[in-house]
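Asker: Sequence:
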Amino acid sequence: MKKIIMLGFLLLSISAVSQVSFRPGIRAGVNLARFSGDNMRTFDNTNGFAAEKGTKFDLRTDMYVGGFGALSLGRYYILQPEINYTRQGSKITYTDVNTNERKTDNLRVSYLSVSLINKFHSRGFNIHIGPTLDVVVDRNFTQNESYDVDTAIVLGLGYNITDQIGIEARFKRGIVSVFETTNKSGSSYNYETHQNVVFQLGAYFTF
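Sequence positions in the sequence shown follow mature numbering (1 follows the signal peptide of the UniProt record, and there is no 0) and run -18 to -1, 1 to 189.
Possibly wrong hints are sitting among the right ones.
Said to hold, decoys possible - When the alpha-carbon atoms are kept at most 30 Å apart in a straight line, the in silico DSS-like pairs for lysine-lysine are as follows:
id, residue 1, residue 2
1, K85, K38
2, K85, K73
3, K73, K38
Treat the hints as calculated values from the structure; they're not laboratory data.
All chains, please: the whole structure from these sequences, using the hints.
Answerer: In structure tokens:
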């Protein structure tokens, strides 16, 4: 009886191992990025502007590129660690308090991003969900509350056109403050934090 049980475990182990495969790949595409929310007054320590009267964040277009390792752990499940270089940020439209002119600037921030994506796939389609840790490598603004690390949640959909080529769309929502604004109400100030919001459209190639 023990031999039969051991043989059964051995066969199950062999079957499980036979379903595991690893395939590296590359991915690249377009970022449509902005900061969350809007506010009335903004201070930027680096560029030295003070803005008020309806400060507004809008989408700016940039890019991402990276590599991944797709570890197939079952018929419908892939664990996909990724390392990406992603250029994000936001357009900001504001009224300059010194000139009373309406202006638009580009706030740029680039990250080295490490992600752990869970992919659930069937019939060529796949669903993406997972956390990411982003480390700032470059930006064109600095504030007292500008952190060098961001964490985010990624949600997405993909489709395998062939066994090697696919397309994907993702939504990435940051958790850590990347930009701070203030609202003045009478003699008091209300501080608000803003996070990364990114839409990604791209393609991937699996070797």
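Asker: Given the hinted pair K85 and K38, is their alpha-carbon gap at most 30 Å?
Answerer: Measuring from Cα to Cα gives roughly 10 Å; hence the hint holds.
Asker: Is K73 within 30 Å of K38, Cα to Cα?
Answerer: holds (8 Å)
Asker: Is it true that the CA of K85 sits at most 30 Å from the CA of K73?
Answerer: holds (10 Å)
The structure agrees with every numbered hint stated previously.
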